[in-house]
Each structure stands twice: as C-alpha cells, then as structure tokens.
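K.L.:
Chains as they are written, first to last, in our numbering: chain A, 4 to 519; chain B, 133 to 531; chain C, 100 to 418.
Mixed in with the good hints there might be a few duds.
[Unchecked claim] Below, simulated SDA-like cross-link-like pairs (lysine to any residue); rule was C-alpha separation at most 20 Å, straight line:
| no. | chain 1 | residue 1 | chain 2 | residue 2 |
| --- | --- | --- | --- | --- |
| 1 | A | 40 | A | 423 |
| 2 | B | 381 | A | 385 |
| 3 | A | 349 | B | 382 |
| 4 | A | 158 | C | 399 |
| 5 | A | 398 | B | 382 |
| 6 | C | 195 | B | 519 |
| 7 | A | 398 | B | 519 |
| 8 | A | 368 | B | 519 |
| 9 | C | 405 | B | 306 |
| 10 | C | 315 | C | 172 |
| 11 | C | 289 | A | 94 |
| 12 | C | 263 | A | 154 |
| 13 | C | 263 | A | 138 |
| 14 | A | 205 | A | 183 |
| 15 | B | 381 | A | 391 |
| 16 | B | 139 | A | 76 |
| 17 | A | 368 | B | 394 |
| 18 | A | 420 | C | 198 |
| 19 | A | 97 | C | 172 |
| 20 | C | 289 | A | 158 |
| 21 | C | 409 | A | 138 |
| 22 | A | 158 | A | 290 |
| 23 | A | 349 | A | 368 |
To be clear, the hints were calculated from the coordinates, so they are not data collected in a lab.
Because the structure is a prediction, the values reported are computed rather than measured.
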Amino acid sequence: MSIQSFFPSKRDELSVLSPIISVRNLWKSFPGVVALKNVSLDIFPGEIHAILGENGAGKSTLLKILYGIYVPDKGELFFEGKKVVLTSPQDAVKNGLVLVSQVPQLVDSLTIAENLSLSLRQFSYVSSVKKVSKFLLEKGREYGVRIDPDIEAWKLSYTQKQLVEILRALLLNARVIAFDEATTLLPHAEKERLYEFMKLFKSKGGTILLVTHKIPEAMEVSDRITILRRGEVVGTVKTGETTIDQVRYMMFGERLTQLNSGEYERLYKKDSEVLVVKDLWVRSDYGVYAVRGVSFSVRRGEIFGIAGVAGNGQLELIQALAGLRRVEKGSIYLRYNGNEINITNKGSMLIRRLGIGYIPDEPVKKGVSLDNTIEENIAVHPKLSKFLINWRGIKNLASNLVKEFNIVTPSTSTRAKVLSGGNLMKVLVARELTVSKLALVAYNPTRGLDEVSTRYVRKLIVNKAANEGMCAVIASEDLDEIIEISDVIAVMNSGSIVGIFKSGANREEIERVMVS
Amino acid sequence: MRLIVVKRVKTSNMYYIGIPILSILVGLAISILIFASIGVPPDLFVGGIISGFQSPQTLRYFALLVMLGVALTLSFRASIWNVGAEGQMIWGMLAGGYIALFVAAQSMYVSPSELPNYASMPGVEIIDASPYAPVISVLLMDPSLGKLLMILFGMLAGGLWALIPAVLKAYLDVDEVATTLILNYVAYQLFNHLVSYNLRGLSVQAKQFFRTDRINSALFFNLIPGTSVTIQEVVMAAIFFVGVILMYKYTTIGLRLKIIGSNPQLLRSVGVDERRYILLAMFLSGMLAGAAGVSIFANLGVGKLEKIANVVSPPTMNLGYTAILVSWLSMLDTRLIPIYAYVVASLFQGSSILQSEINLLFPELSLTGAALTYIPIGSILIVYVVLRVLTDYSIRIRR
Amino acid sequence: MLLEDILTTIMASLAEIPNIVLAMSPIFVYLYLASLGNSVVEKSGILNLAIDGAYTLGIALVFTLLVFVGDPTLALLITSFLIGLLGVLVAFLTTKLPISHGAIGLSIQFVGYGLASFLAYPVSLKVRAERISLNTYPAVPEVVLAFLTLSILIGVLIHLLIFKTKLGSAIRAVGENPAGASALGINVLKVRVIATFLGYVLIGTASSLFLLLYTKNWQEGLGMGYGWISFAISLSSGRHPIVGIVTSVIFAVLIRYAYVLQDTLVRYGISISNFIVIALPFIAAVLIPLAVTAIPQLRRRFAPPKHLGKIFFSEERSV
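Excised from the complex, chain A in its bound form (with noise of 0.2 Å):
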C-alpha cells in the first residue's frame, strides 16, 4: 500500500496570520499529580508543528484534551477562531482535526471496511458493510491508496495500519491531522515516507501536529517546536532558526546534568555459557510459529540484546526463556556450578526459583498489582517468600531498594497505584534485579520510562552483569538501547536470527538487516 497522491481539499481562505487551533491557560491534573499548567499554544494553518517533550512533559494529555478525550480542569480551546468544548472525539472530528495515534485504533477482528464505516458518519447505521466497502475501493482508488477493503483489521501489519487511519482520516476531510508518537514503531524505510506525506499534506493546506520525544525527528520535518516540561509549556522556536543543544536545554533544563553519554564500564569477567538454547521453536497465540528455529548461548555477565521491528518472534522468544510459552521443539538449558539443567518447558516456578529475573512486556499491567502495596508487590516472588511471609526482612527489602533506586514513594506500604509509572517501573526492575542471580530475561525493559531512570535502568543491569556475573538477554524495541547495553546483538527478523553483531558494530548494518 502506498499514497501517490491525493485528492486537495476544498476549503475557504484562510488568512495565515489567525491560528486553526488555540489553547489558552489550560489546566489538568489527575490523581497526584498536575498534568499541564496554565498551557497556551497557537497552532497555525499550513504549518507542520512538533510538540516536543519528555515522558510525562504533558504532551499526550495535551493531545486528549484537544482531541475531546479530557475536559481540562481551566482554560479554553479555540477552532479558527471559535471558542469549543470539545466532550467526544467525534467533536474533535467535526472541528477538522483526526489523531492518528501510535497503536492503532483499529478494531482486529472487523474488516477495514467494518472498522472505517463506523467513521463514516455519510453512512447510516442501517446501510450495508458492502456500501462501505464499495465506496473505500473507489475513494482508494481517487488517492493512489490500493487496499482490501475486506481485509481483517488483524492481518494487517503495523504501517499498513497506520495507512488506514491515514486514509481515515482524509477521508473525514481532516484540516489538522496530529500523530502522537506514530513514528517510534516504524522501521527507517517507512519513517522517511510518513514524513513524505506530512510535507505533501502541509503543500496542499493541511496542517500537521507531530506529538514526539524525539528530538531529531521533530528538527527533522518540522516548522515549529512547542517545548513542554514537565506540563509547562517553555517555548515556541522556529525550527530554522535553532539548534539540537538548544532544543535539549529547553527539554530538560537543568537536570542536563544528569545525562552522560552512555558510555559504560565493561569489565566482565567473561567465561563459561551460562544460558544455551539450542533450536527454539515456539508459536504465537494465534498458532503459527513466531520462534523458529533459534540457537544462541549467553556467557556469564554478558548481555545478549535482541533487536528487531516488533512481531519478528521476539516477544515470544522471551516469554519462552521465562518459562511462559511452550517450547515446540528445541531446548533450553542452564548452566552453573558444574551442572545443567534442562529448563525447557519446566514451569516458570522452577526458572524463577533457580534466579532467573523476569521483565515483562506491558510491565505495569504484568508485572506489578496497582492494587497491593510495594512490600506486597515484592514478598509475591516465590524466591523472596515461602510458606509465612517474613514482614520484618520484606519491609528492610524494600526500604533498601527504595533507597537505592530513588523511588519516589511516601512509604513501602503504600498502594503501587499512587506511584507514578516510572516508579512503578523501578519497583518491578528493584525486584526482578534482587532475584536474578544467574540471569534477567526482558522485554522493552525501559519503554514508557523518562530519560533519567531509562538511563538508571540500563545502568543498573549493565552493571549487575559486569560485578555480579548475570547474564542477560533483553529484547527491545529500541534500537538505542540494545546498541547502548549489550555485549552482542542478535537481530531477529521473521522468527530467526538473521545477523549477530558485536558491541560497537555498525548501525546502519543492524537495521538493514532488521528489514529486509
């Protein structure tokens, strides 16, 4: 599927110099915390305009206000001019501005037609799907868009999705299309034709709002950057006229500081295979093989990273090492103290028992019960509890890993819901890493994560596997992060490894082989 072309939207003059969107003094806050303070932004009309923040700046909750999701506590939006209270998306809609998010709001199981038909308001609720259907095909055809209309939602991969909801949203005659972090799952290829289209919208009229925390994507392909820390908003530059060092100040402030350059001290003391897995096949939910095939050793105090573009098995992989997905064929194995253990398809019991540390996929809905207490959330692994619970040694536990962590808690017996996700996060990693003695197994272990306990994060396994001798294989998403931590890349593509690169390998190498 691809955009060739498209069809210029009829639209009345309007004058460059009025804002199509303004906020003015918005204010929101949810359970402890303040969201965004005293906000205001024009957004003006043919323009591609970044909002550019750090996790948890306000940026997304910006974007629901202005979407109809929230109702902010103060202030006003304005639509050319108009004041609006927005209540829905489809108010959003009716002012000419479509999302396209970054997981797609598609319904899987219903066709593309099912799923756009219910944008479509032209369409009653009693007309037939084939109408529907008919119509996306000629409407494609008008925009160079070739696509099936009666394709499942699910069968489609992740850009062919974000296509849809591109077309949906032209579809709506969208004059403002946001996209809230829509590029953080793209592969390379597919980045550089999405910013083909922004730039081939904004010819045409269209204005762009790109919601990131990337800085050189927003210097990339924008007009204009708004800067928000930490809900306020610190300025609105123009994107000629600045600089990546300017930029990252207004981002993050004083705490520059606090960055270093991700350079980490590796002393390992690299010897013996610690982890073999011989052959691994292993299947997704839906029953095809996601594994096929895989065969990788990790040695004591290395660290395996596992690169690829989501849905290439890696999520699979790891929930197999972890002892949470059948392993079809092939065989895991540990290795220590003289013996080897044959782990495959043990029970994750025995693999946690034995020091193996787990970091889910989705770690706050996996990894940690919002509902318990952090004392509760670590005396639940088996190798921290047995038969009584010892409060006396779990409430040292935690006050010690709270310290150490620089978790933000008022106490380790508060609920984990109180606690913000970065530290919820740390409670989930300040466990994982006490437990792990021979190895951590994890997915995207610093996704959602502000900068400085992503940078904690990583620091923390790096450095478990250089003095304690754990190995470990991550997996994650970020290309960043596996480059940074670990000792050896595999790149999984389609189920197998396709390439293994050392520490310090070339990155253009990596990622080519991440998509062919």
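Fit chains B and C to the known structure of chain A by using the hints.
P.N.:
For chains B and C alone, kept in the frame of chain A given last:
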C-alpha cells in the same frame, strides 16, 4: 452543563463506612415504598425489621452468615464470583447427612415386641414408634467424633462441588457465574434424587414423604441455652473468621490469593501458576459453605433431609445468595464481616417476622417469603453497586 | 423381512417428524429467542448476568398483564417492551459508571426474582379464587408453527444485522474494543442502548412465550434457571445467531424428550429418577459449554468478544 465521573485523587475512608450504611438505608427505603404500594404500612415494615434486630433467632443466621460471608469473601477477593454457595451448602448437608445416618449411627427396623427393650438402652433411640415397623437409631461411635466427621465430610463435599466450576474457569476460562449458578439447580435436583432414593429413611413418615429419617439426637449440634444457635456454629464461625484473617496477613498463600484478585498476570510473571490458586480459592470457599450446610442440617429444628418442593424455598433458605450481600457490604474486607452479618441476619429474620405478621393482619395481601427476601436484598445490592462507584470516583459538574 | 421392517420403521419415524417438531417448537422458541437476545447484548460487550432475573420477571409480567388485559399478544408486546427498558437500564449502568458487570447483573437478577413473586403471586391467588381461565395462545399447530417460523426469521434478520450492516459492525466493535470504537467515532453508550434494548425485547418475548405457549399457567419460581439455559446456549454457540438454532434444538430435545430418554434407559437397565430428568438440561448447560471450550478450534471460533464484561472507563468520562 454536564456530569463528569472522575477518578478520585485520594480515596476517602469515610466512604468505606458510609456507603454500606447508606446502601442499606436507601435500599430499605425503596423496599418500604414498593411494599407500601400494595398496602403494607411502612411502620409495620419498619417494626418488623427492628424486631429482627432483637430476635434471638437472629443469632443463628448471624453465625451462618459469618461462615458464608467469609467463604464468599475469600473467593470474591480472588476475583472469582462464587454464586454457587447454595449448591455447596446442599452438598455439605448431604455429606453430613450421610455420615449422621449411615456412618456415625444407623437406623434399623425392629420387631414391635422388642421395642420396649430398646427404650432405655444407651446409644439407642427410638425414631419411629409406629406399631407395625418401628425404627430405632443406634449410635456407632462417640457422638463428638460423629459430629466432627459430619463437619469434615460436609466441608470436603462442599469443596469438591466447588472444584467443578473452578476447573472450568482455571483451565477452560469458562465464566464461573453461569456455571456456579446452574450447578445450584443441579445440586437441588441431585439432592432430591439422593434423598428420595439412596438416603431414604425407614420410618413411616420417611416412606410417605420423600425424606430421610431423623438423625439420632446425640448427633444434633449442641444448642447454646436460651438461643437457637449451636456451639459448633459459633466455634466454626470464629475459627473461619480468625483463620482467614491470619491467612491473609501472614501466609504467602493468602497474599497470592489477594493478588490473584488484583492482578493474576503478576502471579504468572513471577512464576506462580495462577490456575492452582483459582482452584484453591474455590475449594476453600466451597469447604466453608459446606460447613454452613452441615450446621443447618444438624440443628434441632431440622435434623432430616427432605425433598425440595420448590427451588424458591430450599432448605438452605437462600442464604447462599444473602451472603453475597454480607460480603459486598463488608467491602470485601474480612474484618467487617461480623458487622454486616449481624445486620443482614437481622433483616433476614425481620422479613420472616414481617411475613407472619402480614399474613395475620392483612391476609388479603399475599406476599411470599421470596418476595420479602429478594426485594430488600436486591434493592440494597443495586443501591450499593451504584454508590460503590463513589469510593474511587467522584461526580463533578463541569460547565 | 428385515428390509420391510426397516422401511416401515423409517416411514413411521418420518411420519412422526411433524409431531416431534410441533412438540418441540414451543421449547425451541422460548430458548432460542432468549439466547438470541443474550447474544446481541453480549456482542456489545455487556456481560449479561441479569438474564435469569429478566426472564423470571418477564414470565411474571406477562402473566399479570394477561389477567388484566386479556389479549395475549398485547400482553406479549407490553412485556417485551418493559423488559427492553430493563435492558436499557443495564446498558446505562454498565457503560456510564465504572461498575462491574457482574455486580450489576446479579443485583438486577435478585430484584427481578423478588418483583416476579411480588407481582404475580397475588394475581395467581386471584386467578385460582375466581377460577379465571387464562387466554393464552391455543396449542394448535398453526399458532405453534407461526411462532417457529417467526423465531427463525428473526434469527436470520439479526444475523444480517450483526454481520452485514454498519450498526452490526458498531455493536461488534463496542464489544471487542470500545476504546477503538470510540476513537473511530462511535458513541459507545448509544450503540449499547440499542443493542440491549433489542436484546432484552427478545428476552421479554421469549419469557412471554414460555408462559403463553408452553406452561400456560404460573407458579412461584416459574422460569428460574431457564434464563441461564439460554445463556448457556448463547455461550456454546459463540453468540452466533444461526449456530444458536442448532444448540437450541439440542436443548429443546433434552427438555422435551428427557422422559423418553428415561424410558429408553430403563429398557437397558439404567434407571434415572425424575429428578435427574429435571436436572438434565442444567447439566447439559454446564457440559456443552465445557465441550465447546475444550476443543481448540471451536474455542477460537466461538470466543467471546474481547472486551466482554470489562469495565469501559478512561481517566474520566462525561456522564
């Protein structure tokens, strides 16, 4: 102007106390209105409820509801809706009955001529003094041991019955509300079958009606003088209550049972097989319900198992459903169960007092026991469920 | 001659078929329509645990209305409408407020049971005292077959609605991914209200026909548990309108011919009591869903909507 529901910044403890009380009051008010619409005077209704609080019978329901409340709270906290307590109690009754009638004691025919010899023999009791085929019951073991066996087997039976929906949920992800509820109906009919055939009594009444013999009176649970509650019920209620609280506080099993309710995925991630804990939660829940079932059966007023004529009024008195109210009103906090067990027991007793009064004073108004129990329970439940939202969310008006 | 015997048995059985169909139809109708209604409601993501309460209440309502209104069809229509409104209440409470579906369902179930006894018991006494004869539908083949065809027709229409129209896509979207549906532009509440009204009207019709076409009288507790059987039918047919026909037939056979089964088993030396016979449809209601979920292919095809029973709530919502 719109009403917006927003998640609370801080959950207020005041709501934990206020909402259950408010639910009871509003729910009762709604019931008063409903009954007033057909002519039940509100003061009669209120009077009936109040006398429920003071009636000695209430203690009995109190003890039973503590047992059942703890049983249900155990499973509800593990996010398992055990609505099958009725069936589990039935099996408790059946197992307890079986022990009482065939293991701890045995009934047999004797010839009419020999009957007087048995009148004063220790361990023997005349069940049916009919002139043609008298029946005696002979104790086969020490009655305390017998009673203990009744309780243990009752608990085992209840636990096993609860395992059926538990296995379906744990391994096949079949929703447990439907299965536990449907199994209640199955349990009622199996009860009827067993009582009418396998456990059928020998006495004349047992032959005539579909029921078992009366059990040997040595096997009745011991009434606390002046009340209708037995020592065994009180002791069991206390043990279950304290035991479960201690379990939650000090054991890993207890912690995991709590967490399986808040986030089963966490258990899976740390290597715990959450399916086993689903089974455990239901088994424990069923066991405690089974114990309650034995208690109902081994009471002086009952002492026999009789065919259920209409599923609307089973021998378990629908306490399995009433206990849901106790558990919810306690906000799933085990420690609060005795309070709400007492309140609900009073309401329950109050409604039966009310029923007899209404039938006496207003015979033209025909109200069944079912209406008088389900309407207040249901009203309080609905009000509670809606108000419960307020503990975690607040409703604001936004321009 | 053996061949002649076989042929005559087959001819005799074939001749029996119209009678069998006639005998099973009322049961099929009240099971199938309720399971249809349940399927529609659950496809929109609402776990329909209030079904038995609504069912029992429907039966009581139609009984009461019949005595006061006289005409069975009018009683049926009013009952269906009122039960439909009950569904709308369920939709509101589960969608607007972050309340567990199970809690709402169970509460309404108990209220339904209570109101059923409350309304219909006095009426039943009046009926007995004044020897009122109930004007239910006559048990003639024309009427029975009419309802049979009507039910199947409704089933086909519902199938077309759910799978071929935009409304159907909206209902399914809300059940699978309400957040996504909302992002795509659907008013989740509106869609659920439509689905539950439609579904509960069907449940109300089914429960009305339970009395008007089948039992023709009322006693306390009538119908309790039959809502759950319809629930089980809906579950084991994957909430699919057409597959539901097959499952409903299976259960109708069980209910109608359980006594025949009993007699046959006696000939082989197995005797089951009348109580077991009564319990059979309930046992089946547990075993058949078990069988369906145990077979992986069936399980995948008949999987529930992904968001069924889950609370749909973002950080904040407009009420």
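K.L.:
Now tell me, hint by hint, if it's right for this structure.
P.N.:
To see whether the hints hold, each was checked on the structure:
no.: 1; hint: A:40 with A:423; verdict: 18 Å, holds
no.: 2; hint: B:381 with A:385; verdict: 17 Å, holds
no.: 3; hint: A:349 with B:382; verdict: 29 Å, violated
no.: 4; hint: A:158 with C:399; verdict: 16 Å, holds
no.: 5; hint: A:398 with B:382; verdict: 14 Å, holds
no.: 6; hint: C:195 with B:519; verdict: 13 Å, holds
no.: 7; hint: A:398 with B:519; verdict: 35 Å, violated
no.: 8; hint: A:368 with B:519; verdict: 27 Å, violated
no.: 9; hint: C:405 with B:306; verdict: 14 Å, holds
no.: 10; hint: C:315 with C:172; verdict: 14 Å, holds
no.: 11; hint: C:289 with A:94; verdict: 16 Å, holds
no.: 12; hint: C:263 with A:154; verdict: 15 Å, holds
no.: 13; hint: C:263 with A:138; verdict: 15 Å, holds
no.: 14; hint: A:205 with A:183; verdict: 17 Å, holds
no.: 15; hint: B:381 with A:391; verdict: 9 Å, holds
no.: 16; hint: B:139 with A:76; verdict: 14 Å, holds
no.: 17; hint: A:368 with B:394; verdict: 11 Å, holds
no.: 18; hint: A:420 with C:198; verdict: 19 Å, holds
no.: 19; hint: A:97 with C:172; verdict: 45 Å, violated
no.: 20; hint: C:289 with A:158; verdict: 29 Å, violated
no.: 21; hint: C:409 with A:138; verdict: 34 Å, violated
no.: 22; hint: A:158 with A:290; verdict: 14 Å, holds
no.: 23; hint: A:349 with A:368; verdict: 25 Å, violated
Of the numbered hints stated above, those contradicted by the structure are hints 3, 7, 8, 19, 20, 21, 23, listed in ascending order.
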